[in-house]
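Protein chains in written order, with our numbering: chain A, 1 to 435; chain C, 1 to 435.
Please keep in mind that the hints were generated in silico from the structure rather than gathered at the bench. Everything hinted at is true.
Taking lysine-lysine and the DSS-like style, the derived pairs with C-alpha atoms no more than 25 Å apart in a straight line are:
{"id": "1", "chain 1": "A", "residue 1": "Lys98", "chain 2": "A", "residue 2": "Lys23"}
{"id": "2", "chain 1": "A", "residue 1": "Lys138", "chain 2": "C", "residue 2": "Lys434"}
{"id": "3", "chain 1": "C", "residue 1": "Lys16", "chain 2": "A", "residue 2": "Lys23"}
{"id": "4", "chain 1": "C", "residue 1": "Lys17", "chain 2": "A", "residue 2": "Lys21"}
{"id": "5", "chain 1": "A", "residue 1": "Lys327", "chain 2": "C", "residue 2": "Lys254"}
{"id": "6", "chain 1": "C", "residue 1": "Lys9", "chain 2": "A", "residue 2": "Lys98"}
{"id": "7", "chain 1": "C", "residue 1": "Lys16", "chain 2": "A", "residue 2": "Lys21"}
{"id": "8", "chain 1": "C", "residue 1": "Lys30", "chain 2": "A", "residue 2": "Lys98"}
{"id": "9", "chain 1": "A", "residue 1": "Lys23", "chain 2": "C", "residue 2": "Lys17"}
{"id": "10", "chain 1": "C", "residue 1": "Lys336", "chain 2": "A", "residue 2": "Lys138"}
{"id": "11", "chain 1": "C", "residue 1": "Lys341", "chain 2": "A", "residue 2": "Lys65"}
This one's a predicted model, so the numbers in the text were calculated from it and none came from an experiment.
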Amino acid sequence: MKINQERISENIELSSLTTDKFKISLISFSKVLTLSKEALAYNSIIANLMHRGTYSLPSVALLNKKLDELYGAYLGIKSQRCGENILFTVTAEILDGKYIPDGTDLLQEISSLLAELLYSPAFMREDFSSSAFEQEKKLIIDSVRSEKNNPRLYTAKRCLELIHAEAPEIPTGDEFIELIANADFDSLKEYYRLLIGSSQLNVFYIGSAEQEKVAKEVTDAFSEYPSSYTPSVTVPSPVSKASPCAKRENIAISQGNLALAFCTGVNFFKTPDSYYAMLVLNEIFGGGPSSKLFINVRERQSLCYSCFSSFQSFSGILIASAAFNSKNYETVKAEILNQLNEIKNHVISETELENAKKSLLYSYRQLSDSPSDIRAFFQTKAIFGAKEDIELTIRKISEVTANEVCALAKNITLDAEFFVEGAAEGANEEDFNDD
Amino acid sequence: MTEQIFESKLLSESYKKILHPSGLEVYLFKKNMSASYAIFGVKYGSIHNSFVNSDSPYEEVVLPDGIAHFLEHKLFANENGVDSFEVFSSLGADANAYTAFDKTAYLFSAAENFYESLEELIRFVRKPFFTKENVDSEIGIIAEEIRMYDDYPADRCFYGMLEGMYEHHSIKRNICGTEKSIKQITPELLYKCHESFYSLCNMGLFICGDVDEAKILEILSSLLPSEKEEFKISFKDGSEKELPTVYKPYVEAKMQVAKPLFNVGIKDVDIPLSVAERQKKEAVFSILDEMLFSRAGELYSMLFDADLISPHLSYGYSSSPTAAYNSIAGEADNPKLVLEKILEYLENLSSDSLSYEDFLRGKRILYSDFVKSFDSTEGIANNLLTFSFDGAELFSYLDIISSITLEDVKRAFESNAFDRSKITLSVILPLESKE
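Isolated chain C, as found in the complex (with noise of 0.2 Å):
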C-alpha cells in the first residue's frame, strides 16, 4: 500500500491518498465534523454506452441509454431481500446516490455508525444481485423518474442546449434514458456493466470527517482482494466525430411555462490534453464568464435594464476530457433578441476593455468558491472525486487560480471562443407561444 500526503497551510487543511493493493484510490481528509462523509465512486456514467473489453477487441458492446442510472438504482436490492437504504436507516446514515454523464456515485453521511455504513456501502456496491422481477419492478419507478424531470422545463433546456451543440457526443442523451430505451435493460445487461466498468482499478473512495484512519484500513483488508483488479475497458463516447461547430443552432420545445426558458451553449471542442492545462482553462473562462455576465458587469445591466431578462441569469464554463461548453441561462420574453443582444456585446467588446478591475473580482470570487467548499464534507468529499477521476490533485487548484494573470483571460476571449458558428440556443416556449 503507499501512500502520499497533501497539505495546503493556506486552508489549514490536509489529506492522505492511499492506494489499496487492489487498485483502489482512497482519499482520506480529516475534519472535526459532527457528521462524516463517504462516497465510493466509479467512472462510469451515462456516456459510456459504447464500450470494448480488451479480452475481446473486435466485440463492440452497445448498451441502451440510461443502464448506468438503471444500475445505480438496483445495486441497492440484496439478495436477503434487504435493500441496503434500510441497513443504512437502521445504522442512522443518511445514504444516497447518483448518477452523472461519466460517472456513479453511492454515498452516505453518519454522525454515528460511519464504520459499519462504511461496511455496508462497500459490500453492497460490490455485490450486485439483479433479477427479472426486481429489473420489472424498477422500470416503473424509474419511467415515473424520467417523466418527472420531464415535466421539469429547466431540465428540457439543458438537454435541448445539449442537443444543440452535439451530434455524435452521447452526453447530449438523457441520463435517466427514456421509458423506451430503458424497457430494453434487463438483468444479463446490468451484470456485463458492472462486471466491465466496476473494476476497483476504475473506483474511488473518497471520506470525509473525523475519521480513524485505521478502522478504515482495516475494513478495507477485510472486504477488498489483495491482487489488482484489472480494469480492461476502453470506450467511445462520440466526441471524436464532433466538429468545432454546434449540429443545430436552435432547439425549441414547447411546456407548460408562463415564461420562455433560455440556455445558450456554446461548444468547446479545443480541450487540452493535459489535466493541468484543462483546469487552468476552466479557471480562466470562469474568470472571464465573470467579467462579462456577471449582475456587477456592463452586459447584465443593458439586458436587465431594458427589462429583457428575468433577475437571475445563470453562467458556467463546464469541462471534462471530452467535453466542454460554456452556458448561460435564464428566463426572457423574447430569448433571440437576448442572443442576438449577448453576441453584439461580445463582438463590439475588445480584449483591451478588459480591465484589471474586474479582473481582479473575478479571481476573488473564483478563489473565495473555492476556499468556502471546505466548509462542508459533502463538498470536500465530491471535490476530491471530480478532481482525482479527472487526474488533478485538489489543493493545486489554489496554485493555477493564483498563476492566472489578466493576460490568460484577454488570450482566451480572443480565441474565437463565442463565434457564432459555436454557439446554440435552447429555448422552452410557452405552450400557447405562436413562434
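Chain A extracted, bound-state conformation (with noise of 0.2 Å):
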C-alpha cells in the first residue's frame, strides 16, 4: 500500500491513497498544537461549536441539511490528547461520486465545506450568540458527568489520571470541568485565531480521485486562508513511572470495576525497537479469548465477563481492566498480576507466543480494509516524522522472541490501581420483568 506524500503550499502537507476499493471517500484535516490545560479546554469546546455550522450556514440545521444532500456526508470533529501534543481533527466521508445517481463529484464541495468550517467557523460571526457559547460548555460538563455511564472506560480513565497526577499539562476530570465551566468567549476567540494562524495542515485522503485532483481541491479550497505557521510538534514520549498510588470509590452498579495501569517506558516513537514486543506481550497477557487473562481469570474461575488489557502506543501505559463481583477483589486483582508475573517468569507456551503474533497480525493485515483505519495508522506517524509501512509492522511482529517479551515485562510495576466498587451480592436478583 503506497501511502503518497507531497507538500502541496507552504502550510499543507497532503498524504493520500489512490484506491477504487472503496465506495467511499475519506478525506481529514488535522492540526498538531501545543499541549495545555487550557488549549485542552479551549479546543473541547472549539470542537463543539464547529458543529453549528461556518460562515455562509450559520447553525446545525444549516449544517447538516449541506452534509445531507451530499448524500449523508459524514462529519467528524475531534480533540484528543497525543503525548504532549494536541491533535485537532475533522474528517468527512463522502459517497463516490461512481454511486451519484447524477455523476455529482463531492470532492470540491466537501473541501470547500470543512476549508470553511476550519477557517470561517459560525462562532466568529459577529451576530454569534454568546449564550450559546454558554450552552456548549453546559453540554461538555454534562458528558464529563456522565462519563460513569460507562463503568469500564470511567475506571480506566480514573485510573490514568493517578498516573498523570504530577503531569502540569493534564487535568483530571474535575478541574477539566472547572476550565470548561471558567472558560470566556473571548478568550477563547483569541486562542481560535492563534490555533489556525500557527500550524500546519496535515490533509489524509483515501478514494478514487488521482494525487493531483485531491492537491487541487484542497489548494483551491484553502487558497483564502492563512498560510504561514510555526512547527509545534512534540515527538509523543512515553510516560515517566509514577509513584505508585491506589483509589477506589463507591457507586451505586452492580459490579466492581478494576483499573491497573503500569507505565512502561516503552512506545513506537522513542524505543521503536521494543515496541513490537510490547504489542505481543499485550496480546498475550490481556489481547482477546487466548490472553492469559481471559483464560485464567474469566475461562477457569468464572470471575468475570470482562477481564482484558490495553496497550497505549504514544504513552506507553498497559491498562488491565476487570468487572467482577466487588467481593472477589482481592482475587481477581492478585490473579491479573499473577499473570503478568508469569510472563515475567517466561512462563509462555509455544502457543501463547503464535497465537498472540497471529491475533496481531490479523488485526494489521485486515486494516487495508477499512479507510478509517488505514488514515489512523497512517496519518499520526506522518504527523510526527514516523514512516512505517504495514508490510514492515508485520515482518516485525513477527519477529518477536519469547525472550524479548520477558525481558520487557521484567521492567514493568504496578504503578496506578483504580477500584469503583459496586454494590453487594444479591442486589440484583430480582428479575426485571417479573410476570
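Build the complex from these two chains, which are given one at a time in their own frames, with help from the hints.
Encoded structure:
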C-alpha cells in the first residue's frame, strides 16, 4: 500500500492513497497544537462549537442540511491529546462519484465546506450568540459527568488520571470541568485565531481521485486562508513511572470495576526496537480470547465476563481492566498480577506466543480493508515524522521472541490502581420483568 | 444443489445463493479484501422460549429466559477439552458470536487459513457438548455479563422501552436472561434447544471475501449430510396477544447517572405479511424519521436551541415479522417535557408541511447508508443474514428505496402512526432524583 506524500503549499502537507476499493472517499484535516490544560479545554469547546456551522451556514440545521444534500456526508470533529500535543482533526466521508445518480463529484464541495468550517466557523461571526457558547460549555460538563454511565471506561480514565497526577499539562476530570466552566468566549476566540494561524495543516485522503486532483481541490479550498505557520510538533514520549498509588470510589452499580495501570517506558516513536515486543506482550497478557487474562480470570475461575488489557501506543501505558463481583476484588487483582508475573518468569508457551502474534498479524492485515483504519495507522505517524508501512509492521511482529517479551515484562511494575466498588452480592437478584 | 446469482450493476457487486441438499442456504459474496468473513446463523433467538415440535404437537415446551444466549456461549466448548476460541486463535482467525431477539450468529474473520477456520466453524456449531460441569461454570460468567449490562443505563433504558410497549411479546425479555432464570438451565435443556432449532433448514451460511467457491463446497460436502434436515418447530412469542396500544405509557428506573436518559417507543402492530411490503414500510419510515427527527430538521432545532436535549439524538424504525416500532433516544433534564414537545410538534404538523426537499434529503441518506454498507465484509455478511432470514433479497432494497415517493411518506405520516396511545416513555433518572 503506497501512501503518496507531498507538500502542496507552504503550510499544507498532503498524504493520499488512490484506490477504487471503497465506495466512499475519506478526507481529513488535522492540526497539531501545543498541549496545555487551557488548550485542552478550549479545543474541546471549539470542536463542539464547530457543529453549529460555518459563516455561510450558521446553524446546526443549515450545516446538516448541506451534509444531507451531499448524500449523507459524515462529519467528525475531534480534539484529542497525543502525548505532549493536541491533535485537532476534522474528517469527512463522502460517497464516491460512481454511486451518485447524477455523477456529481462531491470532493470539491466537501473540501470547500471543511475549509470554511476550519477557518470561518459560525462561532466567529459577530452575531453569534454567547448563550450558545455557554450552552456548549454546559453540554461538555454534562458529558464529563456522564462518563460514569460506562463504568469500565470511567474506571480506566480515573486510573490514568492517577498516572498523570503530576503532569502540569493534563487536567483531572474535575479540573477539566472547572476549566470549561471558567472559559471566556473572547479568550476562546483569541485562542482560535492563534490556532488557525500557527500550525501546519495535515491532509489525508483515501479514495478514487488521483493525487493531483485532490491537491488541486484542497489548494483551491484553502487558498483564501492563512498560509504561515510555526512548527509546534513534539514527538510523543512514553510517560515516566509515577509514584505507585491506589484509589477507590463507591458507586451504586452492580459490579466492581478495576483498572491497573503500568508505565512500560515503551512507545512507537522513542523506543521502536521494543515497541513490537510490547504489542505481543499485551496480546499474550490480555489481548483476546486466547490471552492469559481471558483464560485464567474468566474461563478457569468464572470470575468475570470482561477481563482484558490494552496498550496505549503514545503514552506507553499498559492497562488491565476487569468487571466482577466486588467481593472477589482481592482474588481478581491477585490473579491479574499473577498472570503478569508468569510472563516475567518466562511462563509463555509456544502456543501463547504464536497465537498472540497471529492475532496481531490479523489485525494489521485487515486494516487495509477500512479507510478510517488506514488513516489512523498512517496519519499520526506521518504527522510526527515517522514512516512505516503495514508490511514492515507485520514483519517486525513476526520476529518477536519470547525472550524479548519476558525482558520487557521484567521492567513492568504496578503504577496505579483504581477500583470502583459496586453493590453487595444479591442486590440485583430481582427480575426486571417479573410476571 | 441449486444456485442463483444476484447482481447489482449500480454497485458493481454480485453474489451467489446455493441451496445445499441438507437444506442449508449458502451465500457467497466475492469481494477483494484482505480478510474474509463467515457467519453461520440460526433463526433462534431470545424470543423463542415457547415452542412446539410437530412430532409432539400437544407438548408445548417452555424454556428459561436467556437459554439461546447461554447455548451460544457453551457451543464453543468441545468434548476434547479444547475450546473453539483456542482453535480459531491458532489459525489466526478472529472469532465471535452474538444472540439477538430472533437469531444467533457464530462468526469469524480471517486473513489466512480461511478454509480451516470455516471447517472449525461448521464443526463446532453442529456438535454440541454440554456437561453439568461446563454449564455450572458458565452460569458464573453469564451472571457477571448480566450484571455488566445492568450497569449500563442505555441498555436499561432500552429494555424499559420494550417493557412499556409490550405486555405479552417475549421481545421484552432480556436476551441474557436474569441471574435467577439462568440457574434453571441444564445440559438436557441445552441439548433440547440445539436439536430443535439448529436444523440446517433453519440456518444459513454467509461468506464474504476473496474466497474460492469450489473449496467451500468441498468443505460443505465433507461436513454436512446429503439429505435434508427437517425443521419441525413452530413457536409462539406472545405477539398475537398484543394490542395496538402500549402496555404502560411510562417506565422509570433510577441509576447512577448524571443526567436522565430517555427512550421513546412508538409501537406498530400493523406489520405487513409480505416481506416486500414490510421492507418498503421500513424504508418509508426511515425516510420519514430523517425528515422529522434529524439535526437538519425543525424539531431538533427547537429542542436543542431551547436546551431541552443533549446534542446526540438517535432515532430509527425497527421491524421484524412479529414486532415493529419507532424509537427516539437521548438525554434530557426533563424527558417528559421533551416527549410533550415532540408530540405537540407531530400533532400540529400536517402532511402538507412535509417538503419534497426534506424528502429528497432523507432518501439520499437511506440510499447512501445502504451503498456504504458494501465497504465492509462484516457489514455485507450481516446484511445477507438479516435479509435472507427475513425472506428478502439484498440488492432488491435498492429498487425499494428508488420506488419510494413523497406520497408514500405522507401516507405513513397520516396513518396515525404517532398516536399517543401507541407511545411509551422509558426514563433512567439519577438516584438522587425526587421524581
